[in-house]
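Going down the list, the protein sequences come from chains A and B.
Position in the first sequence (from 1) plus 955 gives the number in my numbering.
Position in the second sequence (from 1) plus 470 gives the number in my numbering.
To be clear, the hints were calculated from the coordinates, so they are not data collected in a lab.
Just to be clear, a hint being listed does not mean it is correct.
To be verified - With beta-carbon atoms standing in for the labels, derived distance ranges:
id : chain 1 : residue 1 : chain 2 : residue 2 : range
1  : A       : F1015     : B       : G480      : 31 to 37 Å
2  : B       : F523      : A       : P983      : 55 to 61 Å
3  : B       : G547      : A       : A1006     : 35 to 41 Å
4  : A       : T1212     : B       : G547      : 36 to 42 Å
5  : A       : V964      : B       : A551      : 40 to 46 Å
What the hints assert, rightly or not - Under the rule of at most 25 Å between Cα atoms (straight-line distance), these lysine to any residue pairs were calculated in the SDA-like manner:
id : chain 1 : residue 1 : chain 2 : residue 2
6  : A       : K1162     : B       : A544
7  : A       : K987      : A       : L1347
8  : A       : K1162     : B       : R522
9  : A       : K1162     : B       : P475
Said to hold, decoys possible - According to the in silico footprint, chain A covers these stretches of chain B (three or more CB under 8 Å from chain A):
id : segment
10 : 491 to 502
11 : 506 to 520
12 : 532 to 540
13 : 544 to 558
Since we're looking at a predicted model, the values are computed, not measured.
Glycine included, each C-beta is placed from N, C-alpha and C at the ideal position.
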Amino acid sequence: MLSGYWHFVPEVLVVAGALAALFGEFLPGRDKGAAYIAAALAGVAALLVAAGGTGGPMVFGQIEPDGVARFARTGVAGLTAVWALWVAGRGMSDERRRDAVALALFAAAGGMLLCMARDLIVMYIALELSTMPAYVLMGYRRRDVSGLEGALKYFLLSMLTSIIMLYGLSFLYGISGSTAFAELSIEGAGILGLVAVLLTLVGLLAKMSAAPFHYWAPDAYAGAAPASVAFVSTVPKIAGIAVIARLLSAIAPDMPTLVTLVAVASVASMLLGNLAALPQSDLRRLMAYSGVAHTGYLLMALAPGTDTGYTAAVFYAVAYALPSMAIMLVAAEEGTEITDLAQLAARRPWLAWSVVVWLLSLIGIPPFAGFFGKLYLFGAAVDSSLWVLVVLGVLTSVVSAGYYFRVVREMFFGEQVGVSGEGVASPAATVALVALVAGTVVIGLAASPLLRGLGALLG
Amino acid sequence: MTIGPSAFLGLAAVLFALGLYGAVARRSAVMVLMSLELMAVAVNLNMVALSRFVTPTEMTGQFFAIFTMVVSAAEIGLGLALVLAIYRQTRSIELSSIDSLKG
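Extracted from the complex, chain A is given alone in its bound form (with noise of 0.2 Å):
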């Protein structure tokens, strides 16, 4: 029972940064010292999931190492890593850096436990251990006001739903009379079922802002500091939809009406988020839509409930959360507004390419990574003969070219008004910059092997 202990050293390693993080006064280089060893030990923590291997139920089956969850960890630690490098080198807003970077590293902690988790309250416990500190990250310039009422209507937004979910699992395990995933079941339940299984539903779609439960997000993004966005949006997303879709396919066989719920919620997501991105002028608020199109994607490959579909949907998340994460950190460095963004091309030649490759993996295009994500995805529908769902999904990812274009456009074309792209260069967040846009590629690249590999392992 002792044996596979070695697999939480990665949790460790980051729970250790994050501590050194917070409290770094004396560290050399102090506050950015700390946030630089702080990014390392997340870094470390990455190569070691990704290099380590998998194992089957420990802890009394309330944790499960397997495959997916260890893609899913490497992409929460690596991504913890490159945002911490970043936060290190540029700053965060005038504010001391290593707490932000702390913060991260706390949620990252949780989120590489959730992907793991097999047990609801396990799950429950990850699952607030990495959304708790994004309270904090959203409100994080204490003397902003649109600031932290954004981090205000969050929190309660997130805490209402978490507590709606707990009600739901509360009766999930009255049902069952066990909070193993494995052991949930809610046949013969009637109604009651039912209803556990629908605020339980509610609870998490809310929290991955899948329409129509995602009203929050937009108005949270838009107050915050980009640079908290890029972490919050992104990070604590992949955990979520890697212990979702383990919960879902653990309830789905006694409830067929789960696909058709499920699928609703993906086709209100993808119509919703791309034609409400359309019309928007910042930055955030058009990430923030388009991170709910994105969501509506995912629930797509959720909805069948199979092996291929989870595979999918994981690696979507990882897939999306590379760009997203690119895109939020260079509206951090440039400005919040699209037209910030007017002829970047000219003053930073290689940030605008980058860009334009992030944009192109979020529409689609090969040779990306969010091509083959989509490909995958629209493949599980398939395969379970969802065809409206990938008729959509086609339609409404044509759709956001025209949104993601409209940035391009800017870039090489815009005019530009005033002065803009003040602030110190910073290797470090160059780095970080040019590691996402590494990321994007090779796993476009490395998509097929990949794939096969996680496929495999569910076997």
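Use these hints to put chain B onto chain A, whose structure you have.
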């Protein structure tokens, strides 16, 4: 007369509904936080009752309830900190007065 599980579940449902109403309808941020806490209490009651009637020997639900109590205490603390930070800037905790973000 014995009190069955339905009495506990019913009480929890009533508390939960009251809390939900308060969280949606109240205009003061502190009142919303209190309503959320009421909902959390309802959920805990639900868990403990289910634990007693479904798995009396294992007490899984009671452990779950203890964990959720700690988590929601931490969350409420965080929420109050946010409300205080906003109060320092705007001298108001009315949710209707904090609506500069629209769209």
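For each hint, the structure was consulted:
1. A:F1015 x B:G480: 31 to 37 Å: 33 Å, holds
2. B:F523 x A:P983: 55 to 61 Å: 59 Å Cβ-Cβ, so the 55 to 61 Å window holds.
3. B:G547 x A:A1006: 35 to 41 Å: Given a distance of about 39 Å, which is inside 35 to 41 Å, the answer is holds.
4. A:T1212 x B:G547: 36 to 42 Å: 39 Å, holds
5. A:V964 x B:A551: 40 to 46 Å: With a Cβ separation near 33 Å, A:V964 and B:A551 fall outside 40 to 46 Å, so the hint is violated.
6. A:K1162 x B:A544: 19 Å, holds
7. A:K987 x A:L1347: 47 Å, violated
8. A:K1162 x B:R522: 30 Å, violated
9. A:K1162 x B:P475: Violated, at about 31 Å.
10. 491 to 502: holds (count 3)
11. 506 to 520: holds (count 8)
12. 532 to 540: holds (count 4)
13. 544 to 558: holds (count 8)
Violated hints, listed in ascending order, are 5, 7, 8 and 9; each of the other numbered hints is respected by the structure.
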